[in-house]
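> Protein chains in written order, with our numbering: chain W, 1 to 577; chain U, 1 to 577.
A couple of the hints might just be wrong.
Pairs involving identical chains hold if they fit within one copy or between any two copies, as the list cannot separate such chains.
Claimed, not checked - Only pairs whose alpha carbons sit at most 27 Å apart, straight line, appear in this in silico BS3-like list of lysine-lysine:
1. LYS52 with LYS516
2. LYS126 with LYS499
3. LYS138 with LYS52
4. LYS561 with LYS52
5. LYS555 with LYS569
6. LYS138 with LYS97
7. LYS2 with LYS126
8. LYS126 with LYS506
9. LYS449 with LYS12
10. LYS126 with LYS12
11. LYS499 with LYS555
12. LYS516 with LYS569
13. LYS256 with LYS361
Since the hints were made in silico from the structure, they are not lab data.
The structure presented is a predicted model; accordingly, all values stated were derived computationally and were not measured.
What follows is the residue order along each chain.
Protein chains: 2
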Amino acid sequence: MKASQLPLFTLKEDPREAQVDSHRLLLRAGYIRRQASGFYTFLPFGYLVYRKIEQIVREEMDAHGAVEVHLPVLTPAELWRESGRWDIMGEEMMRLKDRHGHEFALGPTHEEAMTALAREFLQSYKQLPINLYQIGTKYRDEIRPRYGLIRCREFVMKDAYSFHLTEESLHETYELMRRAYRRIFERCGLETIAVEADTGNMGGSASEEFIVASSIGEETLLLCPNTDCGFRANQEKTTFVPLIPYEVGQREERAKIPTPNQKTVEEVAAFLKKDRRSFMKAVVYETEDEIILCFIPGDREISETKVKNLSSGKSLRLASEEAIWALCGAPPGYVGPVGLRFGDRESMVISPNDQKKKIAKVLFDENLRGRHGLISGANEGGYHYVGLSYGRDFHFDKGYDLVEAQEHDLCPRCRTSKLKATRGIEVGHIFKLGRKYSEAMGLRVLDEKGLPVVPTMGCYGIGLGRTMQTIVEQNHDERGIVWPESVSPFRYYLISLAKNSEEEQKVLSLYQMLQKRGVSCYFDDRQERAGVKFHDADLTGFPYQIIAGRSFFEKGELEIKVRKTGEKKMALPEEIY
Amino acid sequence: MKASQLPLFTLKEDPREAQVDSHRLLLRAGYIRRQASGFYTFLPFGYLVYRKIEQIVREEMDAHGAVEVHLPVLTPAELWRESGRWDIMGEEMMRLKDRHGHEFALGPTHEEAMTALAREFLQSYKQLPINLYQIGTKYRDEIRPRYGLIRCREFVMKDAYSFHLTEESLHETYELMRRAYRRIFERCGLETIAVEADTGNMGGSASEEFIVASSIGEETLLLCPNTDCGFRANQEKTTFVPLIPYEVGQREERAKIPTPNQKTVEEVAAFLKKDRRSFMKAVVYETEDEIILCFIPGDREISETKVKNLSSGKSLRLASEEAIWALCGAPPGYVGPVGLRFGDRESMVISPNDQKKKIAKVLFDENLRGRHGLISGANEGGYHYVGLSYGRDFHFDKGYDLVEAQEHDLCPRCRTSKLKATRGIEVGHIFKLGRKYSEAMGLRVLDEKGLPVVPTMGCYGIGLGRTMQTIVEQNHDERGIVWPESVSPFRYYLISLAKNSEEEQKVLSLYQMLQKRGVSCYFDDRQERAGVKFHDADLTGFPYQIIAGRSFFEKGELEIKVRKTGEKKMALPEEIY
Chain W
1 MKASQLPLFT
11 LKEDPREAQV
21 DSHRLLLRAG
31 YIRRQASGFY
41 TFLPFGYLVY
51 RKIEQIVREE
61 MDAHGAVEVH
71 LPVLTPAELW
81 RESGRWDIMG
91 EEMMRLKDRH
101 GHEFALGPTH
111 EEAMTALARE
121 FLQSYKQLPI
131 NLYQIGTKYR
141 DEIRPRYGLI
151 RCREFVMKDA
161 YSFHLTEESL
171 HETYELMRRA
181 YRRIFERCGL
191 ETIAVEADTG
201 NMGGSASEEF
211 IVASSIGEET
221 LLLCPNTDCG
231 FRANQEKTTF
241 VPLIPYEVGQ
251 REERAKIPTP
261 NQKTVEEVAA
271 FLKKDRRSFM
281 KAVVYETEDE
291 IILCFIPGDR
301 EISETKVKNL
311 SSGKSLRLAS
321 EEAIWALCGA
331 PPGYVGPVGL
341 RFGDRESMVI
351 SPNDQKKKIA
361 KVLFDENLRG
371 RHGLISGANE
381 GGYHYVGLSY
391 GRDFHFDKGY
401 DLVEAQEHDL
411 CPRCRTSKLK
421 ATRGIEVGHI
431 FKLGRKYSEA
441 MGLRVLDEKG
451 LPVVPTMGCY
461 GIGLGRTMQT
471 IVEQNHDERG
481 IVWPESVSPF
491 RYYLISLAKN
501 SEEEQKVLSL
511 YQMLQKRGVS
521 CYFDDRQERA
531 GVKFHDADLT
541 GFPYQIIAGR
551 SFFEKGELEI
561 KVRKTGEKKM
571 ALPEEIY
Chain U
1 MKASQLPLFT
11 LKEDPREAQV
21 DSHRLLLRAG
31 YIRRQASGFY
41 TFLPFGYLVY
51 RKIEQIVREE
61 MDAHGAVEVH
71 LPVLTPAELW
81 RESGRWDIMG
91 EEMMRLKDRH
101 GHEFALGPTH
111 EEAMTALARE
121 FLQSYKQLPI
131 NLYQIGTKYR
141 DEIRPRYGLI
151 RCREFVMKDA
161 YSFHLTEESL
171 HETYELMRRA
181 YRRIFERCGL
191 ETIAVEADTG
201 NMGGSASEEF
211 IVASSIGEET
221 LLLCPNTDCG
231 FRANQEKTTF
241 VPLIPYEVGQ
251 REERAKIPTP
261 NQKTVEEVAA
271 FLKKDRRSFM
281 KAVVYETEDE
291 IILCFIPGDR
301 EISETKVKNL
311 SSGKSLRLAS
321 EEAIWALCGA
331 PPGYVGPVGL
341 RFGDRESMVI
351 SPNDQKKKIA
361 KVLFDENLRG
371 RHGLISGANE
381 GGYHYVGLSY
391 GRDFHFDKGY
401 DLVEAQEHDL
411 CPRCRTSKLK
421 ATRGIEVGHI
431 FKLGRKYSEA
441 MGLRVLDEKG
451 LPVVPTMGCY
461 GIGLGRTMQT
471 IVEQNHDERG
481 IVWPESVSPF
491 RYYLISLAKN
501 SEEEQKVLSL
511 YQMLQKRGVS
521 CYFDDRQERA
531 GVKFHDADLT
541 GFPYQIIAGR
551 SFFEKGELEI
561 KVRKTGEKKM
571 ALPEEIY
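I would like the entire structure built from these sequences, with the hints used as guidance.
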């Protein structure tokens, strides 16, 4: 194509809206354009890249046994109500009513719709396994859309949903998809790290994220540097193992100490001149039907994700002061294990927030087991206890993993190396969903004996726009984008240094010859200075540049510049493929 | 592909929801599936067909100089407000608010968004003409969605928007698009009729629809059977020319006649024993800022579209009884031209509906000019005038074309032949938009003299799903679909009549050989009776069926059946391409 047919949409200045390189370059080089906060137009070059990624995704999904369908984006509320997610999805799910007052969601994901489709067609185990995928638009009403295509509100995803009779069959497809994902990202020229991930509100038993390491990423990964171990997980998912085990401590007398206006562990530790490691930190959460009191070692932070996974899964938030009073009879900052009306058993309280009867439960972190000499609130305003003992002052049967793991903690797999942290962007995610949706939505098939069984499910997502931008985040330099060839709009960017119409004609003939031979070449035939064209060639970032300059007009030799390395070599037109 | 990889989703029974063949067959043969009223899932075969159509559209748009982009589906309300369409689009446009309360529309079309994009990039006449297109999802909240993909609420359109300095340039692109459309529909195996069309609420000066003749169509076309003439237009757009000219009549005395309880032309004509042709029929409309009184010949129906085009273009509806009283001082049925406070001049009245001051105007159909002896209401309840004369009792300077043309009217072009009517489905539409959007949204470029000018625009749409279904409407028989090869999911449907594992192995080898040679073939390897497979092969409608039966196992010869004609011939595996 020629610039006169397919114009460049490059900008002369860096756009102010962009905070990160990939976003700035995609805007500046004319690949995308912001329409509204979180909404982007794909310009001609941008859509060419997008479609190449789409094609790679499609080919690999097909090659790994998935079958393409296409579901409506608008999804009736009834489907979301069947699974119970209409109320859970919150404000991130965009909703509307049609002219008859029927409610719909702009699908942020399609578990419900795909399960509803499956239950219309699946009758027999003979039809299983089946893996249905689509490439379609999704909506998520992010509070703060940012970084261009990384976190936007309208975006394209490939989402696949598989249905199985057995766990083994699910595992096979899960492994197939893992291979497909590796191939997809490899072919896109993207280096990803596959890590264990939290299953979040999708439910399910196992999941793995494909992460692109990047300082702008919103995910924190913890990696074991021991290559024999190879542990890699999302921080949210990593089991906490302290590098230095917590000391058991000495059994001693329990004493109530006045700690006026000292509420946080930091304040009380400084006030009492004690190490934070000997504190039991209390954190209280509330959901729609639970109030959850958690105790963890005083020197660490709680993992909300881990608590969420132990809760009913509905909207988890920190409990209000009133709820803490109701549960513990003490203000925040003075909650402790002594004198609670319940141990690790569940009882009921009325939430002062919504006047609903809720299950009150207490969760102890496993790292508190068997310890003595601990400090915690006295469930009385202005007092803490010191010298708390496991078995006497608190006790639990089952201990939990409630602490957020951090860099320098011990690797939970090999238990020898210290974990390293890195930030990253999630571009793909595979899940073993289990029977959450098939059960809720009444999907049944008959097994070999003719008995109805509920299939187990997997789901597998890739963000296409996000993939596109992370490719740029990983492949650029100070002059512009450096596209991997597999996704570049064109292979060559042809620049003419013709000084007269005879030379111009020569370059045009060269271009036409390349076209005829099917060479993927973009000819910058604008009436612009050579400097502008060199600049835009580097900015737009096709893998190779062809410069038709003096040696071409005199000797028929072209200069080929490799965008990535800046390396140049001479070639004859016939040698270009 | 094999059925074991890419399953059939055929239904055993005709679905009850379908009233027309194409809809029934797409459901029954497993191409689409209803999710909710007006929302359809594309099943694997359906999406293959859809993507083939998409590819044809893309290739022809590219070949005819258009450039592909991709705009967000959700469009900020501000853009619609700039053009003034936020208030006009009515309930058909689906709307929502985001979490911050900002309003968006689910784009039913993208004039505003594309013009907004253009004004960010277009600065100079040198960048014109440019024709930007996209293939994307659109929403229209139809009151009564029906006929499957023909009239649904979420659908894919190709929409293109061109920008030009001059009318000539617009005309060139308009003609290019007309050629592209002819090619697109031809390649899809679809016979279309290109007709002049009304420009509707899009504004603009010229438009042409591509119509598929079909008894289920919602459009009525009027065609001149005189091939030298070749007139073809949407009924809405056709100028009315009476086959028998209206007689001028004799000047006579005007007389007021009591016509109690006789309101319609039919009733009064019967009561007075007069021909409807000598009546002046009055019809009153109201918009947000106008009340419009129309007079037409008494034997004809008014064309609401024609009146709409002469109005302010906002929501046109029949005036209420109160509005008619306010305008004419008479009840409905007794309105006439005598004693109105205005002739063809505009004055103001207060609408009793919304208490707004509105322009009152009177439009006379040109066919009333110069006539005598006419009958109309007396603007007094229970009375009509007979013997009304042009020049004495009513008068107009400009006459209008207000009557809906019908079959058997005279062709307005050749004025010799009688028009024929046919029903049809609109699959494509090209418009000369003019400067409506560029003007309203402040799009300016500098011309050769450096002066700012407002570009003129064209827009060009094709409904992809609708195209898919009309192909079926035009290509099916009592046994199922008969796909044109260009859009069929596969070229061949392979049926095995193997009776033992040795024969099965032979067919599998045949299939693998065809695969290797790149032959587009679907192998029905289900464990089903041959009859079921023959049935489904006809139902799904690929152009050719390969039957591997006795002659294959004995002599290596395959039976090839042409789906369309039923014709059969023998072929060797090597002869299949």
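> Where does the structure disagree with the numbered hints, that is, which hint numbers, in rising order?
none
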